[in-house]
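Q: If you want the building blocks of each chain, they are given just below.
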Amino acid sequence: MTLPRWADVVLIPLINLFLALLVSGLVVLLIGEDPVNAMKIMVNGAVGSSYGWGYTLFYATNFIFTGLAVAVAFHARLFNIGGEGQAQLGALGVALVALSLPWPHWTVALPFTILGGAVFGAAWAAVPAYLQARRGSHIVITTIMFNFIASALLVYLLVSALKAPGMAPESARFPAGTFLPSARDLFGAFGISFARSPLNVSFLLGLVACYLVWVLLWRTRLGYEIRAYGHSEPAAIYAGISPFRIIMVTMLISGALAGLMAVNAVQGEAQRLLQENVLGAGFVGIAVALMGRSHPVGVLIAAILFGALYQGGAELEFETNVPREMVLVIQALVILFTGALDNMVRDPVKGLFLRLGRRPGADVKAAE
Amino acid sequence: MMDLNTIIQILDSTIRLATPLLLACLAGLFSERAGVFDIGLEAKMLVAAFFSAAVAATTGSVWLGLCAGIAASVVFALIHGLASITFRGDQLISGVALNFLASGMTVLIARDWFNEGGRTPALIDGGRFQPITLPFAEALSGVPVLGPIYHDLISGHSILVYVAFLMVPLTWYVLHRTRFGLRLRAVGENPGAVDTAGISVVRLRYSAVLIAGVLCGIAGAYLATGLAAGFVRDMTAGRGFIALAALIFAKWRPWYAMGACLLFGLLDAIGNRYQSIELLGIAVPGQFMQALPYILTVVILAGFVGKAIPPRAGGAAYVKER
Amino acid sequence: MPGTIHGVIGENGAGKSTLMSILYGFYKADAGEIFIAGRKTAIPDSQAAIAAGIGMVFQHFKLVENFTVLENVVLGAEDGARLTPSLAKARKLLTELAAEYELSVDPDALIQDIGVGMQQRVEILKALYRQADILILDEPTGVLTPAEADHLFRILKGLKAQGKTIILITHKLREIMEVTETVSVMRRGEMTATVKTAETSPAQLAELMVGRKVLLQVDKGRARPSDTVLSVENLRVKDDQGVERVKGISLSVRAGEILGIAGVAGNGQSELLEVLGGIRTGTGRITMNGQEIDLTGKLSDARTRRARGIAHVPEDRHRQGLILDFYAWENVGFGYQDDPAYNHGVLMDNDALRRDTEVKIAKYDVRPADCWQTARNFSGGNQQKIVIARELERNPDLLLVGQPTRGVDIGAIEFIHHQIIALRDAGKAVLLVSVELDEILALSDRIAVMFDGQIMGERLPTETNERELGLLMAGITDTNANAPLPQIVANLARTGGA
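Protein chains in written order, with the working numbering: chain W, 1 to 368; chain S, 1001 to 1322; chain P, 2001 to 2498.
Among the hints, erroneous ones may be present.
[Stated by the list, open to error] Calculated lysine-lysine pairs in the DSSO-like style (CA-CA distance at most 30 Å, straight line):
#: 1; chain 1: W; residue 1: Lys350; chain 2: P; residue 2: Lys2196
#: 2; chain 1: S; residue 1: Lys1251; chain 2: S; residue 2: Lys1320
#: 3; chain 1: P; residue 1: Lys2157; chain 2: P; residue 2: Lys2092
#: 4; chain 1: P; residue 1: Lys2157; chain 2: P; residue 2: Lys2172
#: 5; chain 1: P; residue 1: Lys2089; chain 2: P; residue 2: Lys2157
#: 6; chain 1: P; residue 1: Lys2028; chain 2: P; residue 2: Lys2220
#: 7; chain 1: S; residue 1: Lys1251; chain 2: P; residue 2: Lys2238
#: 8; chain 1: P; residue 1: Lys2196; chain 2: P; residue 2: Lys2157
#: 9; chain 1: P; residue 1: Lys2040; chain 2: P; residue 2: Lys2160
#: 10; chain 1: P; residue 1: Lys2247; chain 2: P; residue 2: Lys2298
#: 11; chain 1: S; residue 1: Lys1320; chain 2: W; residue 2: Lys350
#: 12; chain 1: S; residue 1: Lys1320; chain 2: P; residue 2: Lys2040
#: 13; chain 1: S; residue 1: Lys1320; chain 2: P; residue 2: Lys2360
#: 14; chain 1: P; residue 1: Lys2238; chain 2: P; residue 2: Lys2028
#: 15; chain 1: P; residue 1: Lys2040; chain 2: P; residue 2: Lys2028
#: 16; chain 1: P; residue 1: Lys2040; chain 2: P; residue 2: Lys2157
#: 17; chain 1: P; residue 1: Lys2360; chain 2: P; residue 2: Lys2220
#: 18; chain 1: S; residue 1: Lys1320; chain 2: P; residue 2: Lys2172
Worth flagging that the hints you see were computed from the coordinates, not collected in a lab.
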């Protein structure tokens, strides 16, 4: 039987989230802190001030891109666990573009850094995609391997070719013409005061990406074909949809979206290439896509939620004995409950609906 | 040219570094041959490393530490079993979640218990596994070539190293010469056949997952109490994934797994010893050595050198079909 | 009763397999009790069923592909923790059983290397090894040639003579009449009757099965074939494993006629349909309305076939014909997503597609008439109507149709048959593949029989009968001679790989 749409899209994710938070609360309790108080600090820290909002939405921007990357791949039933590596390469692409010219103004630089991030991210996804499409190599394993290879590659480049003078393994600072206007600058232009934070115009780019992904999936032929392929490969072939093309195109889009994260994190904040530019955002994307049920609107909401979690977690560490790693635990629990233990909630809920007799299309469904 | 001493030192370090890989790899082998994919080897090793070090540090007994490590790893294995067997969830996603959980939880608890920034106190004396000197090692050490090999390379490791390498023939025997092994391999290939033969698919898969838990527990304990002297955050450093790579490299077979783990251990040992090495006049950077296991695995997966075919029912929960 | 063969007959979906799976402890019953030899026996799982002496041969075999025959037989019935003694014991017992019941198989062969007939024997051996007294066989002849089926029935009679009870589940009346002593009829999950086979007739059983008189004859006028639409020459096709499944066949279909392809499942018909539909590659020469079609897959796929006027109702609607989680309207565009009528520049015109769906749902009387239902929520017959509507309303020059009425209720069968004939009468060419001989005989204007990837012969439905077609399906072309047993056996060995 199928659940009503609202239960599938809203009720079950909420119950899953609640369970994840409940267990997290227990963990907080175990390390001798008051969970309710911790929750208050986190919420307040994340959305209680323009400073908090700034950081929350900055993190959320990263997660929107990596979340969309995972979500698009999920629609083709591909599990792209390589967002981390693709974003690292995206960072390299953004850095190479930013360092290549003395850019006059960010509006000139931005289209090219977007292109750099997207192309490099897509390129890093292309090899696992090709191996999956042509050789049947499991994309989960190959993308994991590519994460490690990407990380080794960046470390190597930052101690050799791209290394800036000095001790730290990092690139030179980008030219000032690539600096993206921050939320403080933008709001300031309208006379609104906004606290200093790394939030920048990339957030708007993230919103545009959400919209475009929605159009792609539900309003274009390619999206129709991606979803059809994701539901059934034999049926897709019957309909004249080439699996090779779908796997390649989907993974290129997915990798490009992951790579775009670097526009926010590298060009927007760090303004130089570091060894670690992604800091786990690629993996957070998995949680975001799962919670958001692979729908761009869901991804946006989940990304903001996780942004708040990251910012709130930082505040929590500042004010109590609960370290930042609490965020990792909550994130893990969210993935566990929404992704892996979904049936633990779904089965009882289905049973409940069955007993309430609110079974849509019950009379239609005949035994085969 | 390297002298014998250097070679022995590198090989000695290879064995040490290969040990946790081998244990984790065999853990993965049991789990995946039974049809449960496990990308959470890293997680299980990490929690085991932490709890073994924490208990060894507080009690002063490395054996209690080992038990605690195994117990923690088994708990994680049970969660994985619950998600992927009982609730038919996605095995890969469950693994991803557990990796995060281990990474966050270990530091969280370490800070709460020891207040040393996410590490345990350094282990001393009884808190670590000590090297074992095999019989006649001293007496034979004077013999040219063979003496040093026996004394420095084969003798003088901690007990867990020998356990790990003994696990290889044991695993082979269990898999191919026992009833349990036959059923385990069958459930990874066609659970329907096992179910209709009147054997519980669920129980078999749980046993496999539990064995994986125990082996990862030993691997993690060895990391923190044998190889190192205490726990530091994220100390597994991707070893769970290298073990996974080795498992694919070995095409899910025990003896080949040992070969793959020794190869990857050797790469690690060379990388640790030399910043970069000259090969045919070209300086190979250390980062390349680090990435090599992953690159090799991709090549193997691509099927250019003998295709790796995973167990047929792997990755999917068993649902009775008509 | 010991020493008898009991038949259970019923239409697809009548609940036969479910009932037997409950007997075997594979599914749990909601209510009710089971009695074996007069004793009430609880069968909570397969373990209990085996202990109670029940053995089952499933329709889809439950064998481990990369295990040997011996390992498969021993699995679950080992004698101790060590394997070697069990294997030795099983090897000895297999030799004995083989001699006793014509059940010889190579104990060291891998399952993936032996044919379906052999695999079925392994399943029977598994049951016997567990000392089953009651043997349940679920649609055992579905994958067998008539001759292989005859061999199976000889085995079953041998078992019966040894005092075993056999329950034969089938939807084929002929088998029931031939080998059973008693027969139970199931309809819509209920046991409608249990009778002695000798005291009943096929017509009576058929009536009990469907609840009313069946019209196997379809009303249709004479065919008026004109120009050749499809011509196939020396077509060869390999399956995914690289095994050649179609071995150089030639045929042609003219406008205004239905060519029926008869044959036991797995003799290359599926691959033939898939090559024509652009799903699979092959070698040879195919022309459509006189123009050659690319078979290499480089210049063509299912998409280009549709553009050439070929519509395809696939054999398996769940696997290929529908996306079960798509809405009805999304499925009505499936395969035709490129149609300009459904597109508006780079975007899809979903409104146009939904309007088109409403029209097709009304014309084909799909129930419920709701284009926002997912395909999964329709019954088998209505799902098939969606596929038929989508493909037939394209008004194709050539319709490829495989198993058009599999898992479809009686009412829908008649409707679908009429639609196919209407397309023929509109002057279109139809290539029909079906494993149901009745359907082939009722619809076709010409019949070609496929066996082992080749066409054994062509017949006109008015000039042939089930017996002749059955022999052709077993690869016997000399249909006048009396059942040449050695040749049948030789053919069996040949299809071993099929």
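Q: Now look at each hint and say whether the structure bears it out.
A: For each hint, the structure was consulted:
1. With a C-alpha separation of about 45 Å, the suggested pairing of W/Lys350 with P/Lys2196 is violated against the 30 Å cut-off.
2. Proposed proximity of S/Lys1251 and S/Lys1320 is supported: the alpha carbons are some 28 Å apart, at most 30 Å.
3. As the CA atoms of P/Lys2157 and P/Lys2092 are separated by approximately 23 Å, the hinted pair is consistent with the 30 Å bound.
4. Between P/Lys2157 and P/Lys2172, the direct Cα distance comes to roughly 18 Å. Compliance with the 30 Å bound is thereby established for this hinted pair.
5. Between P/Lys2089 and P/Lys2157, the direct Cα distance comes to roughly 26 Å. Compliance with the 30 Å bound is thereby established for this hinted pair.
6. Distance restraint check for P/Lys2028 and P/Lys2220: the Cα-Cα separation of roughly 46 Å exceeds the 30 Å cut-off, and the hinted pair is therefore not satisfied.
7. A hinted pair counts as satisfied when its Cα atoms are at most 30 Å apart, and S/Lys1251 with P/Lys2238 qualifies at roughly 28 Å.
8. A threshold of 30 Å between alpha carbons decides the hint, and for P/Lys2196 with P/Lys2157 the separation of about 17 Å falls inside it, so the pair holds.
9. At most 30 Å may separate the alpha-carbon atoms for a hinted pair to count; P/Lys2040 and P/Lys2160 meet this at roughly 24 Å.
10. For a cut-off of 30 Å, the pair hint linking P/Lys2247 to P/Lys2298 stands: about 22 Å separates their Cα positions.
11. Between S/Lys1320 and W/Lys350, the direct Cα distance comes to roughly 19 Å. Compliance with the 30 Å bound is thereby established for this hinted pair.
12. Using a Cα cut-off of 30 Å, the hinted pair S/Lys1320 and P/Lys2040 holds, with the two alpha carbons roughly 26 Å apart.
13. Restraint check for S/Lys1320 and P/Lys2360: not satisfied, since their Cα atoms lie roughly 36 Å apart, outside the 30 Å limit.
14. Restraint check: the Cα-Cα separation between P/Lys2238 and P/Lys2028 comes to about 41 Å, which exceeds 30 Å; the hinted pair is violated.
15. Of the supplied pair hints, the one linking P/Lys2040 and P/Lys2028 holds, its CA atoms being roughly 16 Å apart against a limit of 30 Å.
16. Between the alpha carbons of P/Lys2040 and P/Lys2157 the distance comes to roughly 28 Å, so the proposed pair stays at or under 30 Å and holds.
17. Our distance criterion of 30 Å between C-alpha atoms is met by P/Lys2360 and P/Lys2220, whose separation comes to about 24 Å.
18. For the hint linking S/Lys1320 to P/Lys2172, the alpha-carbon distance of about 26 Å falls within 30 Å, and the restraint holds.
Of the numbered hints given earlier, the model fails hints 1, 6, 13, 14; all others are met.
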